[in-house]
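Assemble the complex: chain A is given as a structure, and chain B must be docked to it using the hints.
Number of protein chains: 2
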Amino acid sequence: MNNHIPHADLASHANLIDREYCERLDISDRLAECRKQFVLPAGVAYFDGMSLGALPKIASDRVAAVIESQWGEGLVRSWNTAGWIEMPQRIGGKIAPLLGADADEVVVADSTSVNLFKLLVAALRLRPDRRVIVIESSNFPTDIYIARGVEELHPGVEVKIVPGGQVDHALDDKVAVVMLTHVDFKTAEIHNMAKITARARDAGAIVLWDLSHSTGAVPLDLHGCDADLAVGCGYKYLNGGPGAPAFMFVARHHQEQIDQPITAWMGHAKPFDFDLNYTPAQGVKRLLSGTPMIVSLAAMEAGLDIWNQVDLHSVREKSIAMSELFVRIVAQRSTDPQLKLASPSDPKRRGGHLAFQHPQGYAVMQALIDRGVIGDFRDPDLMRFGFAPLYLRFADVWTAANALVEVVETNAWDHPRFRERAAVT
Amino acid sequence: MNNHIPHADLASHANLIDREYCERLDISDRLAECRKQFVLPAGVAYFDGMSLGALPKIASDRVAAVIESQWGEGLVRSWNTAGWIEMPQRIGGKIAPLLGADADEVVVADSTSVNLFKLLVAALRLRPDRRVIVIESSNFPTDIYIARGVEELHPGVEVKIVPGGQVDHALDDKVAVVMLTHVDFKTAEIHNMAKITARARDAGAIVLWDLSHSTGAVPLDLHGCDADLAVGCGYKYLNGGPGAPAFMFVARHHQEQIDQPITAWMGHAKPFDFDLNYTPAQGVKRLLSGTPMIVSLAAMEAGLDIWNQVDLHSVREKSIAMSELFVRIVAQRSTDPQLKLASPSDPKRRGGHLAFQHPQGYAVMQALIDRGVIGDFRDPDLMRFGFAPLYLRFADVWTAANALVEVVETNAWDHPRFRERAAVT
Numbered sequence: 001m002n003n004h005i006p007h008a009d010l011a012s013h014a015n016l017i018d019r020e021y022c023e024r025l026d027i028s029d030r031l032a033e034c035r036k037q038f039v040l041p042a043g044v045a046y047f048d049g050m051s052l053g054a055l056p057k058i059a060s061d062r063v064a065a066v067i068e069s070q071w072g073e074g075l076v077r078s079w080n081t082a083g084w085i086e087m088p089q090r091i092g093g094k095i096a097p098l099l100g101a102d103a104d105e106v107v108v109a110d111s112t113s114v115n116l117f118k119l120l121v122a123a124l125r126l127r128p129d130r131r132v133i134v135i136e137s138s139n140f141p142t143d144i145y146i147a148r149g150v151e152e153l154h155p156g157v158e159v160k161i162v163p164g165g166q167v168d169h170a171l172d173d174k175v176a177v178v179m180l181t182h183v184d185f186k187t188a189e190i191h192n193m194a195k196i197t198a199r200a201r202d203a204g205a206i207v208l209w210d211l212s213h214s215t216g217a218v219p220l221d222l223h224g225c226d227a228d229l230a231v232g233c234g235y236k237y238l239n240g241g242p243g244a245p246a247f248m249f250v251a252r253h254h255q256e257q258i259d260q261p262i263t264a265w266m267g268h269a270k271p272f273d274f275d276l277n278y279t280p281a282q283g284v285k286r287l288l289s290g291t292p293m294i295v296s297l298a299a300m301e302a303g304l305d306i307w308n309q310v311d312l313h314s315v316r317e318k319s320i321a322m323s324e325l326f327v328r329i330v331a332q333r334s335t336d337p338q339l340k341l342a343s344p345s346d347p348k349r350r351g352g353h354l355a356f357q358h359p360q361g362y363a364v365m366q367a368l369i370d371r372g373v374i375g376d377f378r379d380p381d382l383m384r385f386g387f388a389p390l391y392l393r394f395a396d397v398w399t400a401a402n403a404l405v406e407v408v409e410t411n412a413w414d415h416p417r418f419r420e421r422a423a424v425t
Numbered sequence: 001m002n003n004h005i006p007h008a009d010l011a012s013h014a015n016l017i018d019r020e021y022c023e024r025l026d027i028s029d030r031l032a033e034c035r036k037q038f039v040l041p042a043g044v045a046y047f048d049g050m051s052l053g054a055l056p057k058i059a060s061d062r063v064a065a066v067i068e069s070q071w072g073e074g075l076v077r078s079w080n081t082a083g084w085i086e087m088p089q090r091i092g093g094k095i096a097p098l099l100g101a102d103a104d105e106v107v108v109a110d111s112t113s114v115n116l117f118k119l120l121v122a123a124l125r126l127r128p129d130r131r132v133i134v135i136e137s138s139n140f141p142t143d144i145y146i147a148r149g150v151e152e153l154h155p156g157v158e159v160k161i162v163p164g165g166q167v168d169h170a171l172d173d174k175v176a177v178v179m180l181t182h183v184d185f186k187t188a189e190i191h192n193m194a195k196i197t198a199r200a201r202d203a204g205a206i207v208l209w210d211l212s213h214s215t216g217a218v219p220l221d222l223h224g225c226d227a228d229l230a231v232g233c234g235y236k237y238l239n240g241g242p243g244a245p246a247f248m249f250v251a252r253h254h255q256e257q258i259d260q261p262i263t264a265w266m267g268h269a270k271p272f273d274f275d276l277n278y279t280p281a282q283g284v285k286r287l288l289s290g291t292p293m294i295v296s297l298a299a300m301e302a303g304l305d306i307w308n309q310v311d312l313h314s315v316r317e318k319s320i321a322m323s324e325l326f327v328r329i330v331a332q333r334s335t336d337p338q339l340k341l342a343s344p345s346d347p348k349r350r351g352g353h354l355a356f357q358h359p360q361g362y363a364v365m366q367a368l369i370d371r372g373v374i375g376d377f378r379d380p381d382l383m384r385f386g387f388a389p390l391y392l393r394f395a396d397v398w399t400a401a402n403a404l405v406e407v408v409e410t411n412a413w414d415h416p417r418f419r420e421r422a423a424v425t
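Chains as they are written, first to last, in the working numbering: chain A, 1 to 425; chain B, 1 to 425.
Hints were generated in silico from the structure; no laboratory data involved.
Some hints could be false.
Which copy is meant is left open, so a pair is good if it fits within one copy or across any two.
Stated by the list, open to error - Calculated pairs, DMTMM-like style, for lysine to aspartate or glutamate (alpha carbon to alpha carbon, straight line, at most 20 Å):
id: 1; residue 1: K57; residue 2: E68
id: 2; residue 1: K174; residue 2: D129
id: 3; residue 1: K36; residue 2: E68
id: 4; residue 1: K270; residue 2: D379
id: 5; residue 1: K270; residue 2: E420
id: 6; residue 1: K186; residue 2: D273
id: 7; residue 1: K270; residue 2: D381
id: 8; residue 1: K270; residue 2: E86
id: 9; residue 1: K186; residue 2: D275
id: 10; residue 1: K160; residue 2: D172
id: 11; residue 1: K160; residue 2: D275
id: 12; residue 1: K57; residue 2: E73
id: 13; residue 1: K174; residue 2: E158
id: 14; residue 1: K36; residue 2: E73
If you're wondering where the values come from, they're calculated on a predicted model, not measured in any experiment.
So that you can see chain A by itself, here it is in the shape it has in the complex:
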């Protein structure tokens, strides 16, 4: 039995969708039980899991144990006795199944930005006779800032920013690295990882994927794509907590050559020998720099222990069913031609969220948040709604889509308090 209404059924659902219909979908949802493992505030329909994932119930106890028992009682001994020193690799190993990678190809450290920096420099070093970094203008802007920072450090290296989907035309024998955001942070459009990686490889380039909006949203197959390098975020779909550490993937066949620039003790083969010469550790451990942030890592591990109980393909099926339901409700009920889907209409071509355009998108989103429907806004006019199947119900989809239609149809957004910009939008 399916845990959701198949896409085809949905499209043929000729009658007006209502809350009762959505609640029936929840009854047959095999992932429904998973929601019980999360804290979700009353009166909130949370569609911003692609920005900050919800809190796993076990996270608080896990962190309290690390603080009270391991730090408070174990003190410095816990680096050994509580396995702190192994956490970056242990948690990396728990992310690996979501990536289609092996446990020893993934490690957790630092932020996505710092990891992009490390792996972009490392990628250039894998292709020392080539000097071009190709990146798309639709990449997450930080990825572009990082590339510019790397360019400034390497005289002769050039960052070529190409329009989305135009990487093919930029590939030549000067290209060292192609650095791409796998799922577009605005529209959720998915890059064809297998195809791009294969073409880049044929052209002799390394591909560095940013999987921040992909991990936990869509099944990934880094091995099947013969991927080289990747980074990703811990605090979105992985539910690792605010500012959770990020991860790095390095394919096994690159691990002996990989040479990252922030060489520090935790990446040393023998960190506690305090040797004056740096000798990189074997494997992904050499990607580490400073001391791992244990308290944040403990929160993050709680999120992954939920992920390791579920089948990512079932999660993806439910995600598609939810986003298709959302689109359908809006299509059935909205009469405002200014409200437009900005994501691909084919659900297979988009990741875990939907983007809708509206000229008053910022104020519309504030009015929604005021009603307990939390999505987010990206300039100039995009409202994003993220589908986190581990904790969202089809009834929540009803609530959110129906509220969106209502706010737009009634001009409920048209109020000064909904136009005022906050520091983080």
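Leaving out everything else, chain B in the frame of chain A:
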């Protein structure tokens, strides 16, 4: 009334020091109450606060509030409503008084290693016509690894490693940066910050101080020394928790020019405009790269809120009184000529810990840990004992020094289980 026995009194204390004498010192210790703000396991005398500081009692509740209320209930809204976005600067501002710096000159981010990397590259950019980085061989090895990593990124830049205390002779018009560990991680010897900074400045170089073993151990006066740049660690004397984020200091007069290489959204003037071009924020905010690790930051802030209640000069006085007491007990009671003080004998010339040499130092330390006296060991033969006046008692000093003498005098270290090396020593 003094909160400790003055050094001169201690030296003239002709009688054999005993536990009762030390307990009397605790009675007149004005910082004694502070210990109540920490969790300390029963039966442990904790002398490894220079490696991992003890747990502030409030840390657990603070972190639980951030997790359960701010993350669980507030969700993504807490970036604004709970002030998450301001945490790196807010906590930096709480470190500033310990550095002799202004609140807007300090920011918390990433690890010490990553921060050293950022500021070392930034320092080179402040002196573009100079290409030499001077560093001492006695620096913490990670500092040397980072310098080597920066050297590899900058063809033409040369790292000169000089013996401890020999920086003067290396200063010429080619030196861009002098990068020094202020308090030696092995011997605790303090560099003369005012003198070295002045000489480097006269020679046209920038000084980048690593204050990891200094902050919270000795009063610092970055303004008085006209210091340029500094980094430091959050998890040692600051009691910020395992792997707590680190900090960066940039003197105000450098802030407009400072240009760090890991350019990413949190250092952008307008991070949520998602502009394709990077425009650095004003002030120390431009030193940020990725998303701040909120859970670890919350634990760290708890530690600083204790620091902000005490006078650092009183803390230093007690630290000196404790370490002098330790030295005296060992001198009075040990007959083993192989047990030698490896730190400066003048307490004003050493930071917050003592190092003792012994050919069997590793096994001696394991035997001490087995008895509940926790210090640590650094190859080849150094035992380190850290003095954290916020939570240590003079009676603990008695316990530790007396145990050290006993283990050495009775050869209690001479057992196979004390010789086996752990992953983290």
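Hint by hint, here is what the structure shows:
1. In this assembly of identical chains, the alpha carbons of K57 and E68 lie at most 20 Å apart whether taken from the same copy (18 Å) or from different copies (9 Å).
2. For the homomeric pair K174 and D129, the shortest alpha-carbon distance inside one copy (8 Å) is at most 20 Å, but the shortest distance between copies (30 Å) is not.
3. Taking identical chains as interchangeable, the C-alpha atoms of K36 and E68 lie at most 20 Å apart only when they sit on different chains, with a minimum of 15 Å there against 26 Å within one chain.
4. In this assembly of identical chains, K270 and D379 lie within 20 Å of each other by CA distance solely across copies; the values are 12 Å between and 47 Å within a copy.
5. Proximity of K270 and E420 under a CA criterion of 20 Å is satisfied inter-copy only: 16 Å between copies versus 53 Å inside one chain copy.
6. Proximity of K186 to D273 under the C-alpha cut-off of 20 Å is restricted to the inter-copy arrangement: shortest distance 13 Å between copies versus 47 Å within a copy.
7. For the homomeric pair K270 and D381, the shortest alpha-carbon distance between copies (17 Å) is at most 20 Å, but the shortest distance inside one copy (51 Å) is not.
8. With identical chains, the CA atoms of K270 and E86 are at most 20 Å apart within one copy only, with a shortest distance of 14 Å there and 37 Å across copies.
9. Taking the closest pair of Cα atoms, K186 and D275 come within 20 Å of each other only across two copies (13 Å); inside a single copy the shortest separation is 46 Å, beyond that limit.
10. Taking the shortest Cα distances, K160 and D172 sit within 20 Å of each other inside one copy (12 Å), while across copies they are farther apart (40 Å).
11. In the homo-oligomer, the alpha carbons of K160 and D275 lie at most 20 Å apart only across protomers (17 Å), although the nearest pairing inside one protomer, at 40 Å, exceeds that limit.
12. When the C-alpha separation of K57 and E73 is checked against a cutoff of 20 Å, the pair qualifies only between copies, where the shortest distance is 12 Å, while the shortest distance within a copy is 24 Å.
13. Proximity of K174 and E158 under a CA criterion of 20 Å is satisfied intra-copy only: 10 Å inside one chain copy versus 29 Å between copies.
14. For the homomeric pair K36 and E73, the shortest alpha-carbon distance between copies (15 Å) is at most 20 Å, but the shortest distance inside one copy (31 Å) is not.
Of the numbered hints listed earlier, not one is contradicted by the structure.
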